[in-house]
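**Student:** Here is what each chain is made of, one letter per residue.
Protein chains: 2
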Amino acid sequence: MKEQASVAVLIIGNEILSGKTQDANLQFLGEAFARLGIRLAEARVIPDEPEVIATAVNDCRKRYTYVFTTGGIGPTHDDITADSVARGFGVDLVLSEDAARRIGRGSRDINPARLKMAMIPGGASLIDNPVSHAPGFRMENVYVLAGIPSIARAMFGAIEHELDGGDPIQSESIDIYAREGDFAATLEEVAARHGDVEIGSYPFSREGRFGASIVVRGTDTAHVKLVLNEIQAALGRGD
Amino acid sequence: MKEQASVAVLIIGNEILSGKTQDANLQFLGEAFARLGIRLAEARVIPDEPEVIATAVNDCRKRYTYVFTTGGIGPTHDDITADSVARGFGVDLVLSEDAARRIGRGSRDINPARLKMAMIPGGASLIDNPVSHAPGFRMENVYVLAGIPSIARAMFGAIEHELDGGDPIQSESIDIYAREGDFAATLEEVAARHGDVEIGSYPFSREGRFGASIVVRGTDTAHVKLVLNEIQAALGRGD
Numbered sequence: 052m053k054e055q056a057s058v059a060v061l062i063i064g065n066e067i068l069s070g071k072t073q074d075a076n077l078q079f080l081g082e083a084f085a086r087l088g089i090r091l092a093e094a095r096v097i098p099d100e101p102e103v104i105a106t107a108v109n110d111c112r113k114r115y116t117y118v119f120t121t122g123g124i125g126p127t128h129d130d131i132t133a134d135s136v137a138r139g140f141g142v143d144l145v146l147s148e149d150a151a152r153r154i155g156r157g158s159r160d161i162n163p164a165r166l167k168m169a170m171i172p173g174g175a176s177l178i179d180n181p182v183s184h185a186p187g188f189r190m191e192n193v194y195v196l197a198g199i200p201s202i203a204r205a206m207f208g209a210i211e212h213e214l215d216g217g218d219p220i221q222s223e224s225i226d227i228y229a230r231e232g233d234f235a236a237t238l239e240e241v242a243a244r245h246g247d248v249e250i251g252s253y254p255f256s257r258e259g260r261f262g263a264s265i266v267v268r269g270t271d272t273a274h275v276k277l278v279l280n281e282i283q284a285a286l287g288r289g290d
Numbered sequence: 052m053k054e055q056a057s058v059a060v061l062i063i064g065n066e067i068l069s070g071k072t073q074d075a076n077l078q079f080l081g082e083a084f085a086r087l088g089i090r091l092a093e094a095r096v097i098p099d100e101p102e103v104i105a106t107a108v109n110d111c112r113k114r115y116t117y118v119f120t121t122g123g124i125g126p127t128h129d130d131i132t133a134d135s136v137a138r139g140f141g142v143d144l145v146l147s148e149d150a151a152r153r154i155g156r157g158s159r160d161i162n163p164a165r166l167k168m169a170m171i172p173g174g175a176s177l178i179d180n181p182v183s184h185a186p187g188f189r190m191e192n193v194y195v196l197a198g199i200p201s202i203a204r205a206m207f208g209a210i211e212h213e214l215d216g217g218d219p220i221q222s223e224s225i226d227i228y229a230r231e232g233d234f235a236a237t238l239e240e241v242a243a244r245h246g247d248v249e250i251g252s253y254p255f256s257r258e259g260r261f262g263a264s265i266v267v268r269g270t271d272t273a274h275v276k277l278v279l280n281e282i283q284a285a286l287g288r289g290d
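Line by line, the protein sequences are chains A and B.
Using my numbering, count along the first sequence one by one with no gaps and you end on 290.
Using my numbering, count along the second sequence one by one with no gaps and you end on 290.
To be clear, the hints were calculated from the coordinates, so they are not data collected in a lab.
Please note that a few of the clues may not be correct.
For chains that are exact copies, the list does not tell them apart, and a pair is met inside one copy or across any two.
Here are the computed lysine to aspartate or glutamate pairs in the EDC-like style, where the Cα-Cα straight-line distance is at most 20 Å [unchecked claim]: (1) 113 <-> 54; (2) 71 <-> 249; (3) 113 <-> 213; (4) 276 <-> 258; (5) 71 <-> 223; (6) 71 <-> 93; (7) 71 <-> 129; (8) 71 <-> 218.
Note that the coordinates shown come from a computational prediction; the quantities given were computed from them, not determined experimentally.
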């Protein structure tokens, strides 16, 4: 069995760190990587600072099979992702004629700000943007996507087939309306018997009632279901 | 002027990385730190793996004034934050009698799983949990909070007064229904004249219309408003 592919996600943008905007890409990407059998090893939310972005890209591209970034590829002064990725790779930004042509299709007026979106690191290839045309790009194992969720999803769809994943990670869950402290020992016994699946307990509070989602994850669907049934039988409830 | 305090947030939990759960703490914490004048330098979402957690805690506690973690302090087998933080600091877990007493107040039945929540790193102090009693803890500059948003907020409220912040970071914004490429040059000119505030443009797509939120951030409220007015006048629109 080959080693499972891994990926890090870098969410670039002061607006997320300031609490101004809620990130809306990580959940989608997490689900997508699970479906593709690629382990999402970590995600980082980092500010619009060239050195921070370059360092994070370099750190992650050596450590993981893939790196995905979201945000910072628009035309305004605070869009510095392409420049920072180029810096990380030690290459210059170059004008992509192909990108400039696509951007021209998406807007009436090609001006210097829009042309900035056609500047990509030397050696990078474009990622299609079926929504608003201005492309993302791929530089070796680093995929640079837009921050707007609808565009990020469309770009992901355009390159998803390139990714070399593994068996999809299946997950099944039940919600238990009980305090975790009341079933933790039972759950741990089941977990100890099934080291080949991951069993998580994620507490919640809904309308004043505490409970937990018990999630079983693994690549063997039948086994995942079996373990979930075992948990349900042992805990004697769930819905 | 003293150097501005900084903070990193570590969001601990496989459920966030798998896309199963949407993080609901970062936005709240980002707003709170901005209000307190503490720079949120980065946030990381990391898996329930002791070595990864210990490494991230150690990396961040040396680099930033404060570190906040959320998640992984419950009674189940996958709650390993306290153990991982102790490992990072090179200390043992010890039973806190005070924590055990509080946990006893919150539940009918003190069992070994619940007592696990009273095990904290040697030298740590407790963080009150007014919601469900089981406390968080502080170890030097590392604050360990629960993952359930209502509890994380309550714990934050309990320790907020201890944090040594600076002038609150004010932000004002307007939404512009225009393509960023059409106003990027104008915005850059305004930004170049006002290096003492941060000006961000955050594109969105709402009901098929593209636009952007222009956000001005700084510690001087009057100046923030002045720059926003200047942007509004220069762009000739906004609502």
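**Student:** Between residue 71 and residue 218, at a C-alpha cutoff of 20 Å, which is it: within one copy, between copies, both, or neither?
**Tutor:** Between copies, since 18 Å is at most 20 Å while 37 Å is not.
**Student:** With identical chains treated as interchangeable, where does the CA-CA distance between residue 71 and residue 249 reach 20 Å or less: within a copy, between copies, both, or neither?
**Tutor:** Result: close only across copies, 13 Å inter versus 34 Å intra.
**Student:** Is it within, between, both or neither when you check residue 71 against residue 223 at 20 Å Cα-Cα?
**Tutor:** between (33 Å within a copy, 10 Å between copies)
**Student:** As a check of your reading, is residue 71 near residue 129 (CA-CA no more than 20 Å) within one copy, between copies, both or neither?
**Tutor:** within (16 Å within a copy, 32 Å between copies)
**Student:** Reference check for the pair residue 71 and residue 93, CA-CA at most 20 Å: within, between, both, or neither?
**Tutor:** between (22 Å within a copy, 15 Å between copies)
**Student:** When no copy is named, should residue 113 and residue 213 be tagged within, between, both, or neither for a Cα gap of at most 20 Å?
**Tutor:** within (19 Å within a copy, 39 Å between copies)
**Student:** Can you give me the call for residue 113 and residue 54, within, between, both or neither, at a CA distance of at most 20 Å?
**Tutor:** For residue 113 and residue 54, the Cα distance is within 20 Å only inside one copy (16 Å; across copies 33 Å).
**Student:** For residue 276 vs residue 258, is the C-alpha pair at or below 20 Å within one copy, between two copies, both, or neither?
**Tutor:** Neither: 29 Å inside a copy, 40 Å across copies.
The structure does not agree with numbered hint 4 stated previously, though it agrees with all others.
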